[in-house]
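Chain order of the listed sequences is U and W. Counting in our numbering, the first sequence runs from 1002 upward without gaps. Counting in our numbering, the second sequence runs from -15 upward without gaps.
None of these hints come from the bench; they were simulated from the model. Heads up, the beta-carbon is just placed ideally off N, CA and C, and yes, glycines get one too. It is possible that some hints are incorrect.
[Stated by the list, open to error] Derived coverage of chain U by chain W (criterion: at least 3 residues anywhere in the stretch with Cβ under 8 Å from a Cβ of chain W; other residues may be distant):
#1 1072 to 1085
#2 1102 to 1108
[As the list claims (entries may be wrong)] In silico lysine-lysine, DSS-like type, Cα no more than 27 Å apart, as pairs:
#3 W/-7 x U/1104
#4 U/1104 x W/41
#5 W/55 x U/1043
#6 U/1043 x U/1058
#7 W/-7 x U/1043
#8 W/41 x U/1043
#9 W/55 x W/-7
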Amino acid sequence: ILNVEQSPQSLHVQEGDSTNFTCSFPSSNFYALHWYRWETAKSPEALFVMTLNGDEKKKGRISATLNTKEGYSYLYIKGSQPEDSATYLCAWNSGYSTLTFGKGTMLLVSP
Amino acid sequence: NAGVTQTPKFRVLKTGQSMTLLCAQDMNHEYMYWYRQDPGMGLRLIHYSVGEGTTAKGEVPDGYNVSRLKKQNFLLGLESAAPSQTSVYFCASSIPGLAVNTQYFGPGTRLTVL
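One chain only, chain W, in its complex shape (with noise of 0.2 Å):
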């Protein structure tokens, strides 16, 4: 049972370079999301997902897309990356009711944009 894992641990972009990060959890969650952790913002909802096929937009959505396309996977996307995309990203699921949305984290993806 490997929880919740993110795809790559770092990744270093230039500006303008495109990239696709990878969420896998094997524990049959419901939900998923995607926060951004900068210093001294804490972490912020970028964009989430309540089941296969939907998406959401969270508090900081620009410059970011996702997709749900099979219940254990959520991918995030940067179509055109930008310097203020450097930042540590963490995915998350839960399963709704279950310990009221406790939610279950990544290791994390080191993102930085030159």
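So that you can see chain U by itself, here it is in the shape it has in the complex (with noise of 0.2 Å):
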């Protein structure tokens, strides 16, 4: 099995405080790097997908990058509030059926 890696594992700020977390994947292979936010008590909602190498997405104040040559990706949160707590999880696709999904990055923001 292929792993997908997220770090860090978990992630404290102050509200306003800006923040990344990283996902690195197989570069092999590559088809779509996805990106969901996790709140506590309900379920996975996607962010953004992103397919080519230099790929950035942008949301609001979140925004990510694609690396797929190196296999990695950022998700950037700019000016941190106490909404954005969640688990961020990034999943793999090598272009099969399924998604690898990392163990996610849990973010909490303190007011």
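Two chains, two frames, a set of hints: combine them into the complex.
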């Protein structure tokens, strides 16, 4: 099984801080990289999907970048707010019908 | 449009009992998936289906069976529940190729096996 690694495992920041996390995935057989946001007691919701090397996606204060040649993606949150507290999952799609999920980065933003 | 729904939301079983979890989607998605979520383990794929009448094993299929008799439903069965199957179970669905297989998740079923 090819692994998807996320770091850090957890992060605690203050409101207003900017932060970023990393997702590492196999650079071979790359088809797409997904980011999901997962709030406690809810289900994961899709944030971004990226397919091309150098892709950048943005939704409000959250953005993501992709490097398929070296096998990593960064998720950035600018000016974190308490409502950003969640677990952020990345998932690697190698072109088959399934996604391989990382274990996630748990973000806690304190007021 | 309800999206992906799961029944039941909570269940407590005794070791050795059997049960079936139901996942239903109204988005006409071709692919459906069952995951389990355990602390520190992330989402692990149990079984999945790429179409009505087809199923395939995922990463952790032992102790589970599935069926996809109708396109909109995907059933997960536990034949003889064990405490190791205590977990939160998530169902998901997707359209092949659309948004590169972005998966849409149900609300989860919390199962405790005593």
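Right, here's what the structure says about each hint:
1. 1072 to 1085: violated (count 0)
2. 1102 to 1108: Answer holds; 4 residues pass the 8 Å Cβ test.
3. W/-7 x U/1104: The hint holds at about 23 Å.
4. U/1104 x W/41: holds, 20 Å
5. W/55 x U/1043: Holds - the C-alpha atoms of residue 1043 of chain U and residue 55 of chain W are around 25 Å apart, at most 27 Å.
6. U/1043 x U/1058: Holds. Residue 1043 of chain U to residue 1058 of chain U sits at ~24 Å (cutoff 27 Å).
7. W/-7 x U/1043: holds, 12 Å
8. W/41 x U/1043: holds, 26 Å
9. W/55 x W/-7: Given pair residue 55 of chain W, residue -7 of chain W holds - Cα atoms ~22 Å apart, limit 27 Å.
Checked against the numbered hints given earlier, the structure breaks only hint 1 and satisfies all the rest.
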